[in-house]
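Q: First to last, the sequence lines map onto chains Y and G. If you want our numbering, it's the position in the first sequence, counting the first as 1, plus 57. If you want our numbering, it's the position in the second sequence, counting the first as 1, plus 57.
Worth flagging that the hints you see were computed from the coordinates, not collected in a lab. One or more of the hints may lead you astray.
In this list, chains with the same sequence are indistinguishable; a pair is considered to hold if it fits within one copy or across any two.
Cut-off 20 Å, straight-line C-alpha distance, at most; resulting in silico cross-link-like pairs (SDA-like, lysine to any residue) [stated by the list, open to error]:
1) Lys111 / Asp187
2) Lys262 / Asp240
3) Lys338 / Gly226
4) Lys111 / Gly254
5) Lys323 / Leu146
6) Lys338 / Ala227
7) Lys338 / Gln140
8) Lys366 / Arg119
9) Lys323 / Arg96
10) Lys262 / Ala221
11) Lys338 / Gly224
12) Lys262 / Val94
13) Lys262 / Ser95
14) Lys366 / Ser77
15) Lys111 / Asp296
16) Lys323 / Gly84
17) Lys338 / Gly324
18) Lys262 / Gly309
19) Lys366 / Ile269
20) Lys366 / Asp284
Protein chains: 2
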Amino acid sequence: MTNYLAIDAGGTSTRAVFLSARGECLGYGISGGGNPVSRGFEGAIDSLLAASEKALGGIGNRFHSVTLGMAGASLELPTHLFQQRFITLGLAHEVLIESDLLAAFYSGTYQDNGYALIAGTGAVAARVTDSRLAAVADGTGWLLGDDGAGFWLGSQVVRAVAAALDGRGAPTALTGLVLAELDITLDPGVRTQGRVGAQQQLIVKIYELAPIELSRFAPLVFAVRDDAVAADIIERSADALAQTLGAVIEAGTPGTLVFGGSVLTKGGAVAAAVTARLADKLGAASGPEAAVPVLVHDGVVGAAVLALKRDGVEVDAAVFGRITESLAALRD
Amino acid sequence: MTNYLAIDAGGTSTRAVFLSARGECLGYGISGGGNPVSRGFEGAIDSLLAASEKALGGIGNRFHSVTLGMAGASLELPTHLFQQRFITLGLAHEVLIESDLLAAFYSGTYQDNGYALIAGTGAVAARVTDSRLAAVADGTGWLLGDDGAGFWLGSQVVRAVAAALDGRGAPTALTGLVLAELDITLDPGVRTQGRVGAQQQLIVKIYELAPIELSRFAPLVFAVRDDAVAADIIERSADALAQTLGAVIEAGTPGTLVFGGSVLTKGGAVAAAVTARLADKLGAASGPEAAVPVLVHDGVVGAAVLALKRDGVEVDAAVFGRITESLAALRD
């Protein structure tokens, strides 16, 4: 029986699963961030190896290949260094690097055609055709795009609060939440050299953060009720994510629709708004029933699916069901 | 006859003028950036002293006070250190720190009430009442606001290009200009792992820049003609700047309107659009004629005006005219 090691290397955590060709998950391990862009190469490889060791446990390390789903598989990263390191350690004869986007897609389906929209800190959409990424939209990072996702939402929240404080924008309940989060006392009457005191404190505290940390304010937009400013930010997030997914949808090319990332999987209001905006386009592409997205929480199932598929193993509904069920049991 | 030294300390250059109580400018000097936030304290003081020495020339350094207009006079900067250093060097008995915003306002008028809107890399508006900053809006920096100004414009330009490249946004002539600026060859047919090649190069090159450098793409939005995407960015810039100025306008409080910063002073399309949007509000505040803004290019005239006013010298039309004319002669 051939076994495989499949790894989903994310920015904040790394998940590894050891599985058989039948789709039985035999071991599972989790560790810290495995993205070489944010962790550096050595930090990333440490995380990959730590998760792998846990997944292999006492089972031994006889397996056919390592399949590694990671961000930047399409970028100019030194992915060959990961291959060399795994092979040097005697961990595998073969290391396959796959896009984390494809791993996320296959966490929701075993079929080889369809669409994925992932909106966590960043936002990216893909069309999958014959098991390959045929088109990718956005995923361009916080400075160039990632429109509608976590950084974007957090940034819109603090900008709306800055504008509300000096009267450029409408008053919003977000102001109280953001100021409380940053331990700023709101005393709108006090001005120093014309500037509202709370805004001055907001400026000082926001610029102490790394820009990407603004994503921590994203959840606040979902925490207020009956607030026109928050509702407008959520609407524009859904508009942007629909634009991103819409850019990869091809008329007459049906397939499964997979949604991932906390902006889409937590709550569901944004996910529903995105599919509503694309109802016609999704209907044309996939038939009306396909407009109901499959939600995925990470890419480890998809990394496992890819491990089997890339070795020529057929993954059907039974194998896919075996992977998800046996993995769920290991995760409990 | 009492003389004064007045300094306008900007982010990229510092201007100093040595003048008499009658408003005669006797010497003028220019040097590098004098903002302690971007240059550090020692770098800033070096620039201030270099510009001052040129302004004083062989005239000697007998003068009443130094008036220093600088960003951050309302912020938590160690402005007292500037005072100590000038006094230690025997350059003045008194050092007055004034907001660069007030210096910009007084570069356009000798009157003590009115409004200023400055849109360079950042955007900020102020209401001046009885020679003091009564209200300030925006000026919150690139991450929190500065809506409609240089960084904002450049950022909107590159985001529009990133979106046009993967089909999220409409095609735009800005794409060719941005790619040429970054030496990227446009070959939209080529995709790697689903991503358009030119977009991949754009991502790499943009993230090599410091975020604030995106302002270098701002002029491109004014360089294209009959482009709906560029026109929309300019419209939204004018909307944002009108919102910022509108936030400080008080009904029944008339006064001069002063515009500064390259977004407002170069070309004039944005300035005209801002005043058109605020015609009613400006009419209510200042009478219709006041909706024609005075354009200023820096804050050195205003620093000179403040030097006299703060020492109790009356600055009327004759004195103001003498300052601007004698300074223009020195600058030639």
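Q: Each hint: holds or not?
A: Hints versus structure:
no. : hint            : result
1   : Lys111 / Asp187 : neither (33 Å within a copy, 71 Å between copies)
2   : Lys262 / Asp240 : within (9 Å within a copy, 37 Å between copies)
3   : Lys338 / Gly226 : between (35 Å within a copy, 16 Å between copies)
4   : Lys111 / Gly254 : neither (52 Å within a copy, 38 Å between copies)
5   : Lys323 / Leu146 : neither (39 Å within a copy, 62 Å between copies)
6   : Lys338 / Ala227 : between (35 Å within a copy, 18 Å between copies)
7   : Lys338 / Gln140 : neither (40 Å within a copy, 65 Å between copies)
8   : Lys366 / Arg119 : within (19 Å within a copy, 85 Å between copies)
9   : Lys323 / Arg96  : neither (26 Å within a copy, 44 Å between copies)
10  : Lys262 / Ala221 : within (17 Å within a copy, 35 Å between copies)
11  : Lys338 / Gly224 : between (40 Å within a copy, 15 Å between copies)
12  : Lys262 / Val94  : between (26 Å within a copy, 15 Å between copies)
13  : Lys262 / Ser95  : between (23 Å within a copy, 18 Å between copies)
14  : Lys366 / Ser77  : within (12 Å within a copy, 84 Å between copies)
15  : Lys111 / Asp296 : neither (41 Å within a copy, 56 Å between copies)
16  : Lys323 / Gly84  : neither (28 Å within a copy, 65 Å between copies)
17  : Lys338 / Gly324 : neither (24 Å within a copy, 42 Å between copies)
18  : Lys262 / Gly309 : neither (50 Å within a copy, 36 Å between copies)
19  : Lys366 / Ile269 : neither (36 Å within a copy, 45 Å between copies)
20  : Lys366 / Asp284 : neither (48 Å within a copy, 47 Å between copies)
Hint compliance for this structure: hints 1, 4, 5, 7, 9, 15, 16, 17, 18, 19, 20 are not met, and every other hint is.
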